[in-house]
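Q: Here's the letter readout for the chains.
Number of protein chains: 2
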Amino acid sequence: MLGPGKADLLEAVDRTGSLRLAADELAMSYMRAWSLVRAMNRSFREPPVELSRGGRAHGGACLTSTGKRIVSLYREMERASREATSSSWRKLRGLLRS
Amino acid sequence: MLGPGKADLLEAVDRTGSLRLAADELAMSYMRAWSLVRAMNRSFREPPVELSRGGRAHGGACLTSTGKRIVSLYREMERASREATSSSWRKLRGLLRS
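Residue numbers (our numbering), protein chains in the order written: chain F, 117 to 214; chain P, 117 to 214.
One chain only, chain F, in its complex shape:
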């Protein structure tokens, strides 16, 4: 439903205001970016990404408040997970060949 690729894409859309620029930034094809956005817009009750197809903002894209909330929750999960696993992770790394 959401993983690092989609979270990065949402952030890039928020940063660039454009699905094409976001895709470029992530070295992802436009088709791939579009299909990930479509999947997310279908999965969530309120679509995280709003695409504008015409007018001055032609080709523009932005995050809805739901989109911003999703990114924030996802990053919070990453942070909490990293923090909670850091001690075991350090022990595990200690077993690796240097």
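What the hints contain is simulated information worked out from the structure, not anything from laboratory work.
Remember, predicted model here, so these are calculated numbers, not experimental data.
Warning: the hint list may mix true and false statements.
Copies of the same chain are indistinguishable here, so a pair counts whether it falls within one copy or spans any two.
With a straight-line Cα cutoff of 25 Å, these simulated DMTMM-like cross-link-like pairs (lysine to aspartate or glutamate) come out [what the hints assert, rightly or not]:
1) Lys184 to Glu162
2) Lys184 to Glu166
3) Lys184 to Glu141
4) Lys122 to Glu199
5) Lys207 to Glu166
6) Lys207 to Asp130
7) Lys207 to Asp124
8) Lys184 to Glu127
9) Lys207 to Glu162
10) Lys184 to Asp124
11) Lys207 to Glu127
12) Lys184 to Glu199
13) Lys122 to Asp140
14) Lys207 to Glu194
15) Lys184 to Asp130
16) Lys122 to Glu194
17) Lys184 to Asp140
18) Lys207 to Asp140
Given chain F, work out where chain P should sit, using these hints.
A: Here is chain P on its own, set in the frame of chain F:
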């Protein structure tokens, strides 16, 4: 270096005492299981899996103490991560279409 597939494989080896039975249990080809074990045995300072090639235990495989330690640390990381992220995860799920 270690993910769910490798952790499951280590546990299955521990449970079955055989790389072939472990691979079967995980619906994984023997070649794939063998290559994962080889990769792990090269990555860690002490090999997690000991393979016995002859004698009564022909084809047998078991976890070394390092192997058991690796599994235990990995599962602990999973548990800690699940616990630390459960609240954000619940909120994120709440945004999904039901």
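Q: If a hint holds in the structure, say so; if it doesn't, say that too.
A: Status of each hint after checking the structure:
With identical chains, the CA atoms of Lys184 and Glu162 are at most 25 Å apart within one copy only, with a shortest distance of 12 Å there and 45 Å across copies. For a Cα distance limit of 25 Å, the shortest separation of Lys184 from Glu166 inside one copy, 12 Å, qualifies, whereas the shortest one across copies, 49 Å, does not. In this homomeric assembly, Lys184 and Glu141 come within 25 Å of each other (Cα to Cα) only inside a single copy, at 19 Å, whereas the closest approach across copies is 42 Å. In this homomeric assembly, Lys122 and Glu199 come within 25 Å of each other (Cα to Cα) both inside a single copy, at 22 Å, and across copies, at 23 Å.
For the identical chains of this complex, Lys207 and Glu166 are inter-copy neighbours only, at 21 Å across copies versus 44 Å inside a copy, given an alpha-carbon limit of 25 Å. In this assembly of identical chains, Lys207 and Asp130 lie within 25 Å of each other by CA distance solely across copies; the values are 21 Å between and 37 Å within a copy. In the homo-oligomer, the alpha carbons of Lys207 and Asp124 lie at most 25 Å apart only across protomers (19 Å), although the nearest pairing inside one protomer, at 29 Å, exceeds that limit. Taking identical chains as interchangeable, the C-alpha atoms of Lys184 and Glu127 lie at most 25 Å apart only when both belong to the same chain, with a minimum of 8 Å there against 39 Å between chains.
For the homomeric pair Lys207 and Glu162, the shortest alpha-carbon distance between copies (14 Å) is at most 25 Å, but the shortest distance inside one copy (42 Å) is not. In the homo-oligomer, the alpha carbons of Lys184 and Asp124 lie at most 25 Å apart inside one protomer (12 Å), although the nearest pairing across protomers, at 35 Å, exceeds that limit. In this homomeric assembly, Lys207 and Glu127 come within 25 Å of each other (Cα to Cα) only across copies, at 19 Å, whereas the closest approach inside a single copy is 32 Å. Within a single copy, Lys184 and Glu199 get their C-alpha atoms as close as 23 Å, and across copies as close as 24 Å, so both meet the 25 Å cut-off.
In the homo-oligomer, the alpha carbons of Lys122 and Asp140 lie at most 25 Å apart inside one protomer (14 Å), although the nearest pairing across protomers, at 34 Å, exceeds that limit. With identical chains, the CA atoms of Lys207 and Glu194 are at most 25 Å apart both within one copy (20 Å) and between copies (14 Å). In the homo-oligomer, the alpha carbons of Lys184 and Asp130 lie at most 25 Å apart inside one protomer (8 Å), although the nearest pairing across protomers, at 44 Å, exceeds that limit. Proximity of Lys122 to Glu194 under the C-alpha cut-off of 25 Å is found in both arrangements, the shortest distances being 14 Å within a copy and 22 Å between copies.
Proximity of Lys184 to Asp140 under the C-alpha cut-off of 25 Å is restricted to the intra-copy arrangement: shortest distance 21 Å within a copy versus 44 Å between copies. In this homomeric assembly, Lys207 and Asp140 never come within 25 Å of each other (Cα to Cα): the closest approach is 38 Å inside a single copy and 31 Å across copies.
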